[in-house]
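Asker: Full structure from sequences and hints, please.
These are the residues of each chain, in order.
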Amino acid sequence: MYPLPVEHWKPWSRALYKASLPVALFVWLLPMLAVLITSIRSSDELSQGDYWTWPKHFALIDNYGAALTQTPMLHYFANSMLITVPSVLGAILLASMAGFALATYRFRGNIVVLFTFVAGNFVPVQILMIPVRDMALKVGLFNTVWALIIFHVAFQTGFCTLFLRNFIKQLPFELIEAARVEGASEWTIYARIVLPLIRPALAALGILVFTFVWNDYFWALCLTQGDDAAPITVGVAALKGQWTTAWNLVAAGSVLAALPSVLMFFAMQKHFVAGLTFGASKG
Amino acid sequence: MSTSIARLPTARGRRASASGRARHRAAFFFLLPGCALFALCVIYPIFSSIALSFYNWDGMTPRTFIGLANYVELFHADTFYLALKNNLIWLVFFLLAPPLGLLFALYLNQQIKGMRVVKSLFFAPFVLSGVVVGLVFSWFYDPAFGLLKLIVGHGIPVLGDPRTVTFGIVFAALWPQTPYCMVLYLTGLTSINPEVVEAARMEGAKGWSLLWHVILPQLRPATFMAVVLTVIGALRSFDLISVMSGGGPFDSSTVLAYYMYDQAIKYYREGYSASIAVVLFAIMLVYIVFHLRRMLREER
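Those protein sequences? They're chains A and B, same order as listed. According to the UniProt record's numbering, the stretch in the first sequence is residues 1 to 283, in order. According to the UniProt record's numbering, the stretch in the second sequence is residues 1 to 300, in order.
Watch out, some of these pointers could steer you wrong.
[Unchecked claim] Calculated lysine-lysine pairs in the PhoX-like style (CA-CA distance at most 20 Å, straight line): (1) B:119 <-> A:18; (2) B:206 <-> A:10; (3) A:270 <-> B:206; (4) A:10 <-> B:113.
For the record, the hints were derived by calculation from the structure and aren't laboratory data.
Answerer: Structure (C-alpha cells):
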C-alpha cells in the first residue's frame, strides 16, 4: 500500500496526521460553509454588515420560505426535475440498446459507430449551439423542456454507450449463446438476460448523468428564454442579478440548486465513483 | 453426390446465414434510435456549423455566402487573440488540478475510521453546478464583504480588475476539478501492485524517488485520464465565466467558448460566431484524435 499506512508511522506523526484532517477539511469546504451559514442568516444581520460571524438568530425558515415563495424558485426546481429525470431515463435506455448491439454483434462498422459516439462526446458543445438552437426554433420546441430533454439524451448517449458497451463485453458470452440455443429472441436476450446483469452499471450511469444534466447551464441558456422552461441553474444565476442585496435569499437558492445532486452523490457514492473513474485503473 | 447429402450443408448454411441476417437486423434496430438521435443532434450540427461559418446570418433573414470573410475578420479581431490568450492561461493553470489531485489522493489514501466520509466531503465540490461554484466564489472575492477581504485585511477587486479576473476564475474552477482528479488517483492507488512497492522499499527506495520511479509509472492510466479530462474542461470553460464576470471587465476574461456565445446571442452574428466555434473545434480535434488513437490501440 502506498503511502505507508499510518499504523506504521511514528506515534506523534500519526497523531499530527489525524489532527490535520479536520483542519484541512474545514479550509477546503470553507466556501461552501460560508454559503450554508449565509443562507440561514437574517436580513437584519446582513444589513449591519455582519457576514462572517456565527449568526445570532437563525432565519432558516424565513429565508428558505422567502426563496421558495417570493421567487419562482419552486418553478425552476420543478423544471429541473422535468428535464433531468426523463433525460436520464432516455439516455440510459438508448445507450443500453446501442451498447448491447455494439458488444454482442459483430458487423462491419461496429468500431466506427463506437468511435463516433466517443468522439461526439468530446466535441466542444459550442459547435453544436447554433444549429441545435435553430432546429429547436423551427420545430417549435424552443423554450420548452422537450428541447432540453431531447438534446441531453442525444449528447449523453455517446458517453453512456461506451460505458455500457464495455460493461456488457465483460459479461460471459456463453450466457447469451446458451439463450440463443434455447431459442430466445434477441429482444428477450437484451431485456431478460443482459439488462438485469448490468443493473449496477445502470445505477452508476444514472446517477452520473443525473448530476451532469441537473448542473447544466449552457444548454439551458441557449434553449430557453424567460422563466417558462428555465431550470434551477438559470434561475439561481438570474436571482443573483435581481436580488443583489438579498444575499441570504441567493444563498438559499444556491443550496436548493445544489441539494439534489449532492444528496444523490452521498446516497449512491460507490456507484457514482465507480462511474466516474471508469477507465482510471485499467488502460 | 446424392442430392440428399448435397442439400444438408447448404440447408445448414442457409439456416446459419438466416440467423446471421436476423442478428444483423437486430443489431440495426438496437442501434437505430441512439444513432439517429445522435446523428441529428450531434453529428449534423457539427457540419451545419462548419457550413454556416462561410455565411453571413443574423438568425432570421436569409443567409448570404461570404466565403472566408468571417475567418478573415476573426483573425484580425483583438478580442479573438485575447480569448485565445485566456484559453491558454486556463489550460496552463487548470493543469494544476492533476498534480494537486495526486497530492490530495496521497494525503487521504489511509485506512482509518471515518476516512470514507472525509474523502467524500473532499469530493463534494465536484458535484456542485458551475453556477453554484461561480456564486460561491463571487462571494469569496467580493471586495466589500468577501472572505478574501477578511483574510487579507483589505478588499481586492479580483473580478473587477482585467489583470486578475481570469486567474480568479481559474482558481475557482480548480475547486471542483481537483477532487475529480483526486478520485481518479485514489482509484489508481487501489490497483497498485503491493509487491512491487514492497520490493522497492526493501531496496531502500523511499520518499520522492519511490513516488517518481515506482508509484507514478503505475498510475499512468489515472494520469492520462486526469490530463485529458482537465484539458477538455479548460477548453470548455463557460459556466464560471458567465456567472462570475460575464466575460468582463471589457472582454478581459472572455475565452473562445464565451466569445462565441456572446456574438451569437447578444449580437446575432451567427456566421461569425460559428467560425469561432469551428476554431475551437479544430483545437479540440487534436485531443479527440489523440484519444481515439489510444483507444484503437487498446481495442486491438
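Asker: A separate judgement is required for each hint: does it hold in the structure or not?
Answerer: Results for each hint:
no. : hint            : verdict
1   : B:119 <-> A:18  : holds (14 Å)
2   : B:206 <-> A:10  : holds (16 Å)
3   : A:270 <-> B:206 : violated (32 Å)
4   : A:10 <-> B:113  : holds (18 Å)
The structure fails hint 3 only (numbered hints given earlier).
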